[in-house]
Amino acid sequence: MDAIQSIKAAASHLTPEIVLLIGGSLVMSASVFQRKREREDVHSDRSMYAASALVCLLLAMLASFWRGVPQLSPDAFGLFRFDATALASERLTFLGGLILILMSWSTAPKGRMAEYYGALLIILAAIPIVGASNDLVSLFLGLELVSIPTYVLLGIVKSDNTGLEAALKYFMLSAFASCFFLLGISYLYGFCGSTNLMVIQAGFGEGKRLMALGLLLAMCGLAFRITAVPFHFYAPDVFEGTSVTLAGAMSYLPKVAGFVALIRLIGAGNLSQGASSVIIPVLLVCAALTMCIGNVLAVAQNNLRRMMAYSSVAHTGYLLLAFVALIRQDANANVLFSYLAAYAAMTLGMFACLGEIEAAGGKSHLIGDLAGMFYRRPAASIGLTVALVSLIGLPLTAGFWAKFMVFVGVVADRRVDSISLIMGVLMAFNAVIAAGYYWRVLSTLYSKSVSNVPLRVFRPSLFVAYTICTVLTILWFFVPASM
Amino acid sequence: MNILIPLLVLVPFAAALVIFSSGARAKAMVAFGVLAAFLTLLLSIGLVVQVHQAPLIENASGSIAPRVEFAPEALRIALPVSVGGQAIQWRLLFGADGISSLMVLLTGIVGFFTVWLASYQITNRTATYIGLLLASISMLMGVFLAMDLLSFYLFFEAVLIPLILLIQGWGNGEAPAASARRFLLFTLAGSIPMVIGLISLATSPVRYGHESTVSLPALSEIAATAMAGSTAVTSHDSWTVWLLLLGFGIKLAILPLHTWLPTTYAAAHPNTTSLVASVVAKLGLYGILRIVIPLTPAALSYEAQMVIGTLGAIVIVYGAMIALTKDNLRHVLAYSSLSHVGFITLGMMSMTKEGLGGAALQMFNHGLITAAMFWILSMLEERRGPISLASEDRGMASQYPKLAVLLVFFTLAGAGLPGLNGFVGELLTMSGMMRVCGTLVAIAVLGTVLGAWYGLKIVQRLLFGSNGQTVDLHNHPKGAMDLTQREWLPLVVVAFLCLYIGLFPMRTMKLFQPDTDRLATWVEPVSKQAHPKMDVLASNSGAQ
Numbered sequence: 000m001d002a003i004q005s006i007k008a009a010a011s012h013l014t015p016e017i018v019l020l021i022g023g024s025l026v027m028s029a030s031v032f033q034r035k036r037e038r039e040d041v042h043s044d045r046s047m048y049a050a051s052a053l054v055c056l057l058l059a060m061l062a063s064f065w066r067g068v069p070q071l072s073p074d075a076f077g078l079f080r081f082d083a084t085a086l087a088s089e090r091l092t093f094l095g096g097l098i099l100i101l102m103s104w105s106t107a108p109k110g111r112m113a114e115y116y117g118a119l120l121i122i123l124a125a126i127p128i129v130g131a132s133n134d135l136v137s138l139f140l141g142l143e144l145v146s147i148p149t150y151v152l153l154g155i156v157k158s159d160n161t162g163l164e165a166a167l168k169y170f171m172l173s174a175f176a177s178c179f180f181l182l183g184i185s186y187l188y189g190f191c192g193s194t195n196l197m198v199i200q201a202g203f204g205e206g207k208r209l210m211a212l213g214l215l216l217a218m219c220g221l222a223f224r225i226t227a228v229p230f231h232f233y234a235p236d237v238f239e240g241t242s243v244t245l246a247g248a249m250s251y252l253p254k255v256a257g258f259v260a261l262i263r264l265i266g267a268g269n270l271s272q273g274a275s276s277v278i279i280p281v282l283l284v285c286a287a288l289t290m291c292i293g294n295v296l297a298v299a300q301n302n303l304r305r306m307m308a309y310s311s312v313a314h315t316g317y318l319l320l321a322f323v324a325l326i327r328q329d330a331n332a333n334v335l336f337s338y339l340a341a342y343a344a345m346t347l348g349m350f351a352c353l354g355e356i357e358a359a360g361g362k363s364h365l366i367g368d369l370a371g372m373f374y375r376r377p378a379a380s381i382g383l384t385v386a387l388v389s390l391i392g393l394p395l396t397a398g399f400w401a402k403f404m405v406f407v408g409v410v411a412d413r414r415v416d417s418i419s420l421i422m423g424v425l426m427a428f429n430a431v432i433a434a435g436y437y438w439r440v441l442s443t444l445y446s447k448s449v450s451n452v453p454l455r456v457f458r459p460s461l462f463v464a465y466t467i468c469t470v471l472t473i474l475w476f477f478v479p480a481s482m
Numbered sequence: 000m001n002i003l004i005p006l007l008v009l010v011p012f013a014a015a016l017v018i019f020s021s022g023a024r025a026k027a028m029v030a031f032g033v034l035a036a037f038l039t040l041l042l043s044i045g046l047v048v049q050v051h052q053a054p055l056i057e058n059a060s061g062s063i064a065p066r067v068e069f070a071p072e073a074l075r076i077a078l079p080v081s082v083g084g085q086a087i088q089w090r091l092l093f094g095a096d097g098i099s100s101l102m103v104l105l106t107g108i109v110g111f112f113t114v115w116l117a118s119y120q121i122t123n124r125t126a127t128y129i130g131l132l133l134a135s136i137s138m139l140m141g142v143f144l145a146m147d148l149l150s151f152y153l154f155f156e157a158v159l160i161p162l163i164l165l166i167q168g169w170g171n172g173e174a175p176a177a178s179a180r181r182f183l184l185f186t187l188a189g190s191i192p193m194v195i196g197l198i199s200l201a202t203s204p205v206r207y208g209h210e211s212t213v214s215l216p217a218l219s220e221i222a223a224t225a226m227a228g229s230t231a232v233t234s235h236d237s238w239t240v241w242l243l244l245l246g247f248g249i250k251l252a253i254l255p256l257h258t259w260l261p262t263t264y265a266a267a268h269p270n271t272t273s274l275v276a277s278v279v280a281k282l283g284l285y286g287i288l289r290i291v292i293p294l295t296p297a298a299l300s301y302e303a304q305m306v307i308g309t310l311g312a313i314v315i316v317y318g319a320m321i322a323l324t325k326d327n328l329r330h331v332l333a334y335s336s337l338s339h340v341g342f343i344t345l346g347m348m349s350m351t352k353e354g355l356g357g358a359a360l361q362m363f364n365h366g367l368i369t370a371a372m373f374w375i376l377s378m379l380e381e382r383r384g385p386i387s388l389a390s391e392d393r394g395m396a397s398q399y400p401k402l403a404v405l406l407v408f409f410t411l412a413g414a415g416l417p418g419l420n421g422f423v424g425e426l427l428t429m430s431g432m433m434r435v436c437g438t439l440v441a442i443a444v445l446g447t448v449l450g451a452w453y454g455l456k457i458v459q460r461l462l463f464g465s466n467g468q469t470v471d472l473h474n475h476p477k478g479a480m481d482l483t484q485r486e487w488l489p490l491v492v493v494a495f496l497c498l499y500i501g502l503f504p505m506r507t508m509k510l511f512q513p514d515t516d517r518l519a520t521w522v523e524p525v526s527k528q529a530h531p532k533m534d535v536l537a538s539n540s541g542a543q
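Residue numbers (numbering that gives the first Met the number 0), protein chains in the order written: chain A, 0 to 482; chain B, 0 to 543.
Keep in mind the hints are simulated off the structure, nothing from the lab. You can take every hint at face value.
Listed next, the stretches of chain B that the computed footprint assigns to chain A, with coverage defined by at least 3 CB atoms under 8 Å from CB atoms of chain A:
#, region
1, 73–82
2, 155–162
3, 175–183
4, 190–202
5, 234–246
Everything numeric in this text was worked out from a predicted model, so none of it was measured. For every residue, glycine included, the Cβ atom is placed at its ideal position computed from N, Cα and C.
Using the sequences and the hints given, assemble the complete structure.
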């Protein structure tokens, strides 16, 4: 197949992403024309930008619906590959994007709405590109296309000190992580003589230590995106220093991008004995540390945002265990994708409920700020309750299946010694620790102390956002196959 | 395909949903809730009758053989995880044998009367309270009717959600919020690691060339064939059995893991506690009887049988001694419940016919007696506020003669008076253990003596003394009233059941004895193999 044809095929498959990219660019440039007019009516601006972003996303969804399920392309040597992973990453992104745009409707920063929605749409376009990439170049470009709009977003939503700190910290560390990634993939290229991921993965079989080093360096770069220990330090500061919607976005979108990139880079069952004897222990140690440090530090927090940041770190640990199971071919990638879907529903649902307080002029930074919320905003409290029960992982919520599948993937492996069993038990005890701090939030909602939660502001977009999350969380428990 | 089984789970759950969504019309919903609980009780009686009439499965190839089943093809769970190279497709299965139908009956009886009493004992958000009670009854029914590991675990975990809300939201004792949190964390600390044990049980058939399955009858068959081959215990097996015992042990409050129990019982409303103590605390025991003993007999008997048995014997004495020192009646009853559960543990860990049969019977008996004691406690607290045994001069017998008679009756039933149900169960569990380890029985007997002691202490300090006229009652409007009809009905019904079982134990045993006997015939040889010196009595009598 010649180059033109392969570009044509890729373009037709990437229609939804192209729609999003064009839409994002248009929305962003709209601000140039907007500036000239005297702006008094903030609300109509709000609705206009949010609606146009929503229309872009819906158009992209329609495009992906019309395109249908792409055939597995036999051509493995192009820049892109369209398989189940590409599709799943697209679906996960659209799910998160829909909820995030609805949440932004009432939480986007007043002066910079065009840039805000433009950057958000470009991130949403970039993650499926990461998911579809079949080449180091497209993988790296996709990842950078996620990062750069993120810097913009973090920079514009808040102009106080914490906001600037968050933006700067994220920018510096993310650039640093990208350097790691580049160094790693340059080793891979040097070793295999090709930037094509299929060729590189076929080269894993020759299993030299150098190969493992390259992979490890690249994984360091990705570990930053998924907030794995020891690359997690930015998370609490960034979560604290940004808007509630972006905190939700930061806990979810980079995770999807990072894990999809990991799946693309390593794949299932490609590692040789030599390479996996280096990489799997590293991943297991990293997963164990990520779970334990995330959960233990979350227990100590009174600040809700910081707690959610550490909880997001802890969930990365569970996901890394699922990823190890994937490498060993005990689980397929759907375990990761289902977990991420459930995570989207519960975490974004939680942030949407908090957004309702913020949009009404209240505070949701400290756990104590939520005291007695149930008696003032029952609908949001029920949404929050479902999200928290799901985060604990109790039945009747999607979070149960998410954890359960990871457990099965980890424990079912009977080939190796009891290491995987111990990892499972470790994860179980981590889930118990996590239940402690989630329960603290949950019981605060229903406490009968004096409540500072504001009354009487109803935001339809936020209500729709957390209703979608709550319904999905409960629905996915009864129909786990649809996750 | 038995239709009662799904109804038993769905009726109370649907009723709970209706109550939660009723909103402003909540007052009228109280009667609706009581009605739904009554319907559940009728359904559970119907199930017992059906199980009783169903033909016995004579030559089952495993130790678990449900007599009535509900297993539609559609109940399947497909997970994107592969075990031994095969994608997981688990079929869910519900059913009942004698043991589970007995527990269903217990849940039906205790559940209905708890809802009945709650309808006027709970004055604050009554309908919501009853809705949560119904939801927990539904989940409990689910646990007892599950015939596969997955739905067992699902219901086992799900029962936590309504319970924790009941304890936190309506607790009127010491620090309900902290106790609710402790209850949650303790239970999860057992049950989340337990899921790993359950998964490794579900995937164990892969070792013998079968597909992984969660169905209990199928797993028990595989365990039986595995036992016929070799009883060597791998490290994987011992991990499995200890993880399971951790989960179930915390639920049944085995000795070092019991500290959630007194705080929870002291914090929750006695009405909630009656359901927790009589049914929820049985979940751990039921899990051991249903999952640990039939599915991992070798690992259990080689590694854990004597450890858990000893802990059971110690907890009998420990619980009784602490109960003696406590003054708050809630604490006394909590520790006495702890102590009595020790007998059931002891019976199970004997892994003999008598022991297992006695344990199953005693689970039912103890459920009835404990529920009745906590009901009485709730009635007393309604009349007098918190009940302390510190002052000796109560004289309640002259004020509340009906209540006094029933309190004496249930105290004696709990202490194991011959002719009442507690005696039969405890005797059987002890005679089962006697064939394994006489020392443990000697310790346990000590516990019965102490049990009679604190039982009599309760009776003496509360009921007798002065004529009771000295007590200042003006803070308690109901303080001078004896039992109303609504109050004595549940107690009298349960008292008759206790008397009936005490007088005709064999009629009750007939329901589940084939099942416990079948279980014993599979597991007793393994346990004997693990403890070659056991059955001292049998070998002695053979020598003479």
